[in-house]
Each structure stands twice: as C-alpha cells, then as structure tokens.
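What follows is each chain in one-letter form.
2 protein chains.
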Amino acid sequence: MNEKVNVNRAPDILPEPTLRRLPWYLAYLSTLKRAEVATISTTKIAEALDVDPSQIAKDLSFLGIRGKTRIGYNVDDLEQALRDYLGFDRSHNAVMMGVGSLGAALIADSGLHRYGLNIVAGVDINPNLVGTEISGVKIFHRERTARLVRDLNVKIGIIALPVEAAQEAADDLAAAGVRAIWNFTPSRIRVPEGVVISNTSIYSHLAVMYNRLSLIEQDGVK
Amino acid sequence: MNEKVNVNRAPDILPEPTLRRLPWYLAYLSTLKRAEVATISTTKIAEALDVDPSQIAKDLSFLGIRGKTRIGYNVDDLEQALRDYLGFDRSHNAVMMGVGSLGAALIADSGLHRYGLNIVAGVDINPNLVGTEISGVKIFHRERTARLVRDLNVKIGIIALPVEAAQEAADDLAAAGVRAIWNFTPSRIRVPEGVVISNTSIYSHLAVMYNRLSLIEQDGVK
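Note that the protein sequences, when read in sequence, are chains A and B.
With numbering that gives the first Met the number 0 applied, the first sequence covers 0 to 221.
With numbering that gives the first Met the number 0 applied, the second sequence covers 0 to 221.
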C-alpha cells in the first residue's frame with residue numbers, strides 16, 4: 000500500500016493523459032541532451048511544451064523524480080528515467096497481422112524499433128506475399144499465426160488488416176496467447192479480459208482534423 | 000442560432016469523442032454494406048462495437064440522422080451520410096515534411112488516399128532523396144516548401160521529421176499558409192491561432208501499451 004514508485008520494477012498504473020505526456024518530455028529531453036544542456040527547470044519545460052508547470056511536476060513525481068529548487072532536473076538522469084519507465088529500451092516481440100500498404104509501412108518504420116518494438120514476423124493470406132521478406136521480416140501464412148506466437152515469444156499482435164478481418168485476427172492472436180493487441184484499423188475490436196487493447200486509428204485522427212479544418216474555412220468565409 | 004445540422008454544408012463542431020467514434024460506425028456500416036445488409040438497429044451496432052446504444056443515437060443525431068422505430072437505419076444511407084460528414088470523399092491536398100522511414104511509409108499507405116488525403120509532394124533535406132519519387136510523389140528540397148504550398152494548393156502539412164526539426168517545419172508551413180498540421184512526431188508543436196493541429200504520436204500509444212502490458216505481467220506473477 001505504501002510502496003513508492005520505483006523505476007527499476009514494472010511501472011504502476013498511471014493516468015493515460017500522464018502516460019501520453021511522458022513521451023513529449025522524453026522527446027524534449029533528448030533534444031536537450033543532444034545540445035549538451037546539463038539541467039532544466041520545470042518552468043522551461045512548461046514553456047517549451049505548453050504544459051502547466053505544476054502538471055509536469057506531478058507527472059514526473061509518478062516516476063519518483065523530483066527537481067531541485069533553483070536547479071531543476073538533471074537532463075541526462077531525467078532522460079534515462081523516462082526511457083526506462085516508458086519501456087522504450089526493452090525489446091517487445093510483435094507480429095504484424097496484414098502486410099498490405101499500412102502493415103508493410105509499419106514494418107519498414109525504424110522508429111518503432113527504436114522505441115522497443117521488435118516485429119519478428121508478418122502474417123498475410125496473399126500468396127504473393129507469403130514467403131517473402133519486408134525489411135528483413137519474414138511473411139508467413141495466416142494459419143501459422145498460433146505457432147509463430149508460441150515459437151517466437153510474441154507478446155504483441157499488431158493489426159493492419161481490412162476492417163472485416165480485424166476481429167477474427169484479434170481472436171486468433173488472443174487464443175494463441177498474445178498479451179496486447181495494437182489495432183490500426185478504424186474498427187472497434189473486442190478482446191478477452193487480461194489482454195491489452197490499444198487503438199491507433201490514424202483515419203479517425205484524419206476525420207477530427209478535416210472537421211476542425213472545415214470549421215476554420217467556414218470562419219474564413221464569414 | 001436555431002439552424003439544424005445539415006450534412007450538405009460544412010459540419011458544425013462536434014465533441015472529439017463523437018468524432019472519433021464516427022469512423023467506427025463507418026467501418027462497421029461499410030462491412031454491412033458489403034454483406035448487403037439493408038437495415039441495422041442501434042442495438043445491433045451497440046453490440047458489435049461495444050458502445051452504449053443511447054450514445055450511438057446521440058452521435059448520429061449530430062448528423063441529423065434518426066433511425067426508424069423497429070426498423071433502425073438504412074445501411075446505405077447511413078454509410079453515405081457518414082462518409083460525407085467525415086470528409087473522406089473529398090480530396091485534401093497535403094505535403095509530407097520528412098520522407099525518412101515513417102514519412103515514406105505514410106506516402107505509400109493507400110489507406111490515407113482512400114480517406115481523402117491527397118499527398119501532392121514530399122519535402123526533405125537529404126540530397127539522396129530530393130529529386131526522387133516515392134510511390135509517384137515527387138520529393139523537393141525544404142527551401143521549396145512555401146512555393147509548393149502555394150502552387151499546389153496545399154491545405155495540410157504532415158510532419159514526420161526528427162523531433163528537433165518539427166517546430167521549425169511547422170513554422171514554415173504555417174507561414175506558407177497551410178491550414179492544418181498533422182504531427183507524427185512525439186514532440187509537442189505550437190501553431191499560430193487559426194491553424195489546426197492534430198497529433199498522432201504512435202510512439203506515445205506504444206508507451207501506453209507497454210505500461211498496461213507490464214501491469215498484466217505483474218499480475219501474472221502474483
């Protein structure tokens with residue numbers, strides 16, 4: 000009950016808004032580190048990122064990190080603590096379900112690898128793709144999914160399939176023992192209890208952007 | 000003041016959670032349409048997507064659409080209304096800032112094109128990339144940005160650059176007259192008033208997923 004947060008063990012549950020802000024801090028800290036800045040104050044971080052200073056202090060306190068009065072945070076230490084906490088330095092094995100346009104693009108994105116995602120195999124039903132490699136990642140037939148998950152110690156299944164195939168793929172992955180599903184389709188996917196679901200519908204973000212854009216254009220006409 | 004929502008004119012401001020759910024409905028309706036289902040009830044949509052039925056009725060009422068008692072919604076009409084409303088059938092010109100791994104992947108993703116995003120040019124500073132084409136999209140030097148935005152009627156700038164280059168690119172785009180910026184970097188970007196900013200940090204989603212995953216693994220050990 001009274002345990003303190005300790006970055007060396009698995010992290011406690013954090014509010015999702017905090018979790019989403021931590022990568023902003025990390026991105027900013029990495030820039031400072033490259034520029035060889037030694038220390039940084041909450042106020043400076045707040046200015047750079049347009050986040051309330053008290054919010055930043057609160058977010059970082061979840062990691063058990065407190066700045067020093069008048070000095071602030073040590074840039075190297077804070078950067079490393081954020082990397083550790085966010086799990087970007089650990090390797091997480093994943094399988095890509097669907098290696099069409101988006102799936103292939105995600106496999107090719109070295110950024111994901113840099114953030115600890117290790118895509119060990121691709122899965123598709125297209126006979127022209129099965130047996131090939133994309134950026135060094137082998138593509139297998141869908142019926143091999145369960146075996147791939149077991150043999151390659153896959154914890155994360157990424158779904159970049161057509162909408163109508165998404166739920167079935169999620170069911171296959173969950174049955175095979177995957178612990179988290181990252182859904183890139185615009186469709187809602189259900190998973191059994193105990194399986195993490197993360198939705199990244201870039202097309203939904205597009206819808207939000209188009210809507211805001213048309214409002215601005217309306218204003219422009221007025 | 001008393002205007003009704005009309006899908007034929009530019010949409011009113013919607014709560015962002017509603018806007019994010021609309022693509023789920025569209026994805027589900029498209030599946031039904033392909034399966035030649037004629038009508039669908041709120042209850043069925045609710046079951047399929049795990050959303051509260053009253054929430055669905057409320058979301059769709061923003062589009063001026065109401066289901067009929069005992070019949071529900073006409074699948075074709077609702078699908079089309081959602082497509083119209085979300086702007087996926089209109090073409091939006093965009094420029095890709097940074098055509099490294101992620102930028103090139105997004106250009107290659109035909110899904111974005113299907114959802115109305117027309118990437119007309121890429122921008123980079125890498126001399127090996129400038130002058131080449133990626134999936135038929137020409138890559139220009141960064142100093143050409145303002146001219147590209149003007150000449151090609153670009154409304155949206157997409158940023159897939161290293162963190163430290165993101166803010167400067169956003170400033171260039173805003174100065175050139177872009178109306179919306181879609182930021183794929185994990186860093187926070189500031190834009191002038193009147194410019195829409197949309198953040199899709201896939202790496203932040205990764206952080207949230209890792210965190211939830213380590214909690215599950217902790218539970219498993221207990």
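Accuracy of the hints is not assured; some may be wrong.
Note that the list lumps identical chains together, so a pair holds whenever it fits in one copy or between two copies.
In silico lysine to any residue, SDA-like type, Cα no more than 20 Å apart, as pairs [what the hints assert, rightly or not]:
#	residue 1	residue 2
1	Lys137	Ser100
2	Lys57	Arg89
3	Lys43	Arg189
4	Lys43	Glu167
5	Lys57	Gln217
6	Lys137	Val119
7	Lys32	Glu163
8	Lys43	Val162
If you are wondering where the hints come from, they were derived from the structure by calculation, not from laboratory data.
As the structure is a prediction and not an experimental result, all values here were calculated from the model.
Here is how each hint holds up against the structure:
no. : hint            : verdict
1   : Lys137 / Ser100 : both (16 Å within a copy, 19 Å between copies)
2   : Lys57 / Arg89   : neither (25 Å within a copy, 43 Å between copies)
3   : Lys43 / Arg189  : between (42 Å within a copy, 15 Å between copies)
4   : Lys43 / Glu167  : between (48 Å within a copy, 18 Å between copies)
5   : Lys57 / Gln217  : neither (39 Å within a copy, 24 Å between copies)
6   : Lys137 / Val119 : within (8 Å within a copy, 32 Å between copies)
7   : Lys32 / Glu163  : between (45 Å within a copy, 11 Å between copies)
8   : Lys43 / Val162  : between (44 Å within a copy, 17 Å between copies)
Hint check: violations occur at hints 2 and 5; the rest are consistent with the structure.
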